[in-house]
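Read off the chains here:
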Amino acid sequence: MTFSPELESRIEKMLTSYPPGRTRSAVIPMLLYAQDEIGAITQELIEEVARRCGVLPLQVEEVIGYYSMLHKKPAGKYHVQVCTNISCLLVGGEELYHHASEKLGIGHKETAADGLFSLEEVECMGACSWAPAVQINYDFHHKVTPEQLDALLDGIRQAQRVQ
Amino acid sequence: MLYNEPSPLEVKVLSKRFGLQNSASLDTYLATDGYKAFLKAREMTPEDIINEVKKSGLRGRGGAGFPTGMKWSFVPRNTGKPVYIVVNADESEPGTCKDRLLMEYDPHQLIEGVMIAALAVGAKAGYIYTRGEFRYVIEILEKAVAEAYDKGWLGKNIQGTGFDFDVYLHTGAGAYECGEESALLESLEGKRGIPRIRPPFPAVAGAWQSPTVLNNVETFCAIPPIIRDGGDAFAALGTPKNGGTRMFCISGHVNKPGVYELPMGFNMLRMINEVGGGVWKGKKLKAVIPGGSSCPILKADECDLPMDFDSLAKAKSMLGSGGLVVMDEDTDMVKAALRIMKFYAHESCGWCIPCREGTSWLKQMLQRFMDGRGQSTDINLIGELAKNMLGRTFCPLGDAAALPTISIVEKFRDEFEAKLHVAAGSYEDANRFVQIV
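Residue numbers (our numbering), protein chains in the order written: chain X, 1 to 163; chain Y, 1001 to 1437.
Read the hints as simulated data drawn from the structure, not as lab findings.
None of these values were measured; they are calculated from a predicted model.
Ideal placement from N, C-alpha and C gives every residue a C-beta, glycine not left out.
Each hint should be verified, as a subset may be incorrect.
To be verified - With a Cα cut of at most 20 angstroms, we get these calculated DMTMM-like pairs of lysine to aspartate or glutamate:
| # | chain 1 | residue 1 | chain 2 | residue 2 |
| --- | --- | --- | --- | --- |
| 1 | Y | K1342 | X | D139 |
| 2 | Y | K1342 | X | E121 |
| 3 | X | K143 | Y | D1033 |
| 4 | Y | K1281 | Y | D1328 |
| 5 | Y | K1036 | Y | E1186 |
| 6 | Y | K1191 | X | E48 |
| 7 | Y | K1335 | X | E121 |
| 8 | Y | K1191 | X | E61 |
| 9 | Y | K1151 | Y | D1033 |
| 10 | X | K13 | Y | D1033 |
| 11 | Y | K1335 | X | E94 |
| 12 | X | K13 | Y | D1150 |
| 13 | Y | K1143 | X | E8 |
| 14 | X | K13 | Y | E1189 |
| 15 | X | K143 | Y | E1104 |
| 16 | Y | K1342 | X | E62 |
| 17 | Y | K1143 | X | E6 |
| 18 | Y | K1191 | X | E94 |
| 19 | X | K13 | Y | E1139 |
| 20 | Y | K1335 | X | E95 |
| 21 | Y | K1281 | X | E8 |
| 22 | X | K143 | Y | E1186 |
| 23 | Y | K1191 | X | E47 |
| 24 | X | K13 | Y | E1329 |
| 25 | Y | K1143 | X | E62 |
| 26 | X | K13 | Y | E1043 |
| 27 | Y | K1256 | Y | E1329 |
| 28 | X | K13 | Y | E1147 |
| 29 | Y | K1081 | Y | E1186 |
| 30 | Y | K1143 | X | E94 |
As the list claims (entries may be wrong) - Here are some of the chain X residues that sit facing chain Y, going by a computed Cβ distance under 10 angstroms:
| # | residue |
| --- | --- |
| 31 | M1 |
| 32 | F3 |
| 33 | I11 |
| 34 | R22 |
| 35 | L58 |
| 36 | V60 |
| 37 | M69 |
| 38 | S101 |
| 39 | C128 |
| 40 | Y138 |
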């Protein structure tokens, strides 16, 4: 398996970041960055990461089920994550999540039929003082109102149509 | 751009570069006393550095509040093994959003703090473990680390001082549990984030079984000011045994939520009313979670106290991670308890049975109240079940789930009673009828 040149150089750096013989340490970051490029964790990727880190595929497999950001099912091109944890809950995070769910027509960890959006009700993302917070892929959005969320999602949809 | 307006009551020590143009750049850092503390520390003995940190009264900013200087002094010397510095940047305690800012606005301050820790314990490499969701923060750190290497502030023979030091960035992939130090180390080694049995503590057997200094981002960021201006000066900012300032994160029902740097011991009510702009919509204060969702809740009449580790402990709560979650008079406390428990049930790593089973049972019982199917015996059972988790797990997640729950049930019992299931013709039904009449 080969990755983009950027990811290849990142992986090369990862593998030399840890003490000699400790390449297992690179498993989680390697999976995360490769997943970002491929879209999901495939069997082929598991075996590739295992080979490059010098561990068993099982040792790669066992972390996938543990870390919430790693997934075998492809998410949408835009993964919409709405926090409903305590600080967000107090200022409308739950309503915002339901609003997003209705607007996109999908539920928790579901992907829309056209593959453009997926939705997840997430735990605290570290934006409590600027709640309610939403992350779309890796981009943070703070103090989000339902109207602002509509505008964000509509903007993405429109940009897609233009492309 | 800052996320919230600063408050005139702030004492800016760690956050003094917030808001400066290009505050994350090496040039800005060097122009504002940057790396001076490292050069000063290079002239000091490791013992002197540790003593200065001890004098500062700095206590771990991740939540436990352990004295930092003492933690460093536990690192054994001459074991023949390399010593590592590990930064806990896995900020995920609900209510907490300060480390993100410290890294975003002033990444070199963190790097310098790590370097000084390395001088104190003889380390040659440091790892910054950042939660995976903070991708843009990782990019800022990558840029800062690259710049530091480029200008000779990292790598071999730093600034001709003969000191070699490397900083590596590592990312998690979504797991609250990895903010616990031993689980973080497991994760750094490429495994599931499951806590280790201690002792041995990380100071003796940490990353790859080597002696390791592991501290929170904010703790490391306090080191350059401490070394530069002296431990006594830092200590004087706070209260006895609670040195310095702290990045407080105010969230929830206030007019001006935000992250503010205030002296340790700052009065909590003043913090809510004068810094946070008071409870929103002119409502009354009902309760406060003082330091992240793991802390026992305080009722409004218990909040007139100094925000430091010892005062909060005396009030039977914790200063924790500095995340102040403010709740107004209309807050549904059962709902709040349920949301907090849902979080812990989701994040329990499943290693210890009292935590794995306890969190999921508590979640179900609290859900039952929210669904209007609560039984009167459940109220005591929730408290008892939670108490049975205390101290029976390898890491503090079990306690973190139990403590807020116990306090909410004890302090807001009436709200649970109001949600009891009322079956036709039952005693409760009759009793309620009598009360209404």
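Check your understanding: Does the structure break any of the earlier hints, and which numbers would those be?
Key -> The structure conflicts with hints 1, 3, 5, 10, 16, 18, 21, 22, 24, 25, 26, 30, 31, 32, 33, 35, 38, although it agrees with all the remaining ones.
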